[in-house]
Amino acid sequence: MMCSDSVQEFIERYNISATLYRFSDTVESVEKASHMCGADPSSIIKTLVLIADSLPVIAIVPGNKKLSYRKLANVVKARSLRMAKPHEVKMYTGFDVGGVSPLTECIKSYMIVVDQDVAGKEYVWCGGGDLYSLALVKVRDILAILNPVIADISDPPNN
-13 MMCSDSVQEF IERYNISATL YRFSDTVESV EKASHMCGAD PSSIIKTLVL IADSLPVIAI
47 VPGNKKLSYR KLANVVKARS LRMAKPHEVK MYTGFDVGGV SPLTECIKSY MIVVDQDVAG
107 KEYVWCGGGD LYSLALVKVR DILAILNPVI ADISDPPNN
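Under this note's numbering, residues -13 to 145 are what the sequence shown spells out, in order.
Note that these hints are calculated values from the structure, not bench results. There are no misleading hints in this set.
Derived DEER-like restraints, expressed as beta-carbon distance ranges:
| id | residue 1 | residue 2 | range |
| --- | --- | --- | --- |
| 1 | Glu108 | His21 | 21 to 27 Å |
| 2 | Asp141 | Thr5 | 29 to 35 Å |
| 3 | Ser(-8) | Ser15 | 19 to 25 Å |
| 4 | Arg56 | Gln(-6) | 32 to 38 Å |
Computed from a predicted structure; not experimentally measured. C-beta atoms are modelled at their ideal positions from N, C-alpha and C, and glycine is treated no differently.
Hey, can you work out the whole structure from these sequences and the hints?
Structure representation (structure tokens):
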């Protein structure tokens, strides 16, 4: 069964300090999102869906870094860890790859791990639920609502 939720409704439901922006071009990559919104890649987050021992896990990392599978596997105590396939991403989040947002009820029942570098920021840009939208959101609100594990799960891009 596929989950479905609206980012705007989620923002309103939880009274989150966030603004949803729609762009004329797609924002499905950090590079495109940075170009369209004018933010540094370190201020953009990637909401990634992975499968850890057959269970979905959500990892949130800064746009200027890459996910460390080893570090995440240690945090979630998984023997196997892989990136979710596009149909799994859609099933678990209700969003297409490139438009995944942390601002959804769909991911609240899964284990969520936020990189410590994201947790230390005041505001970040995140997926807005489709390939043309981003949300500028207060990190404190994301952390309070999603209640994630905060850990070091990223590496510099060249590692």
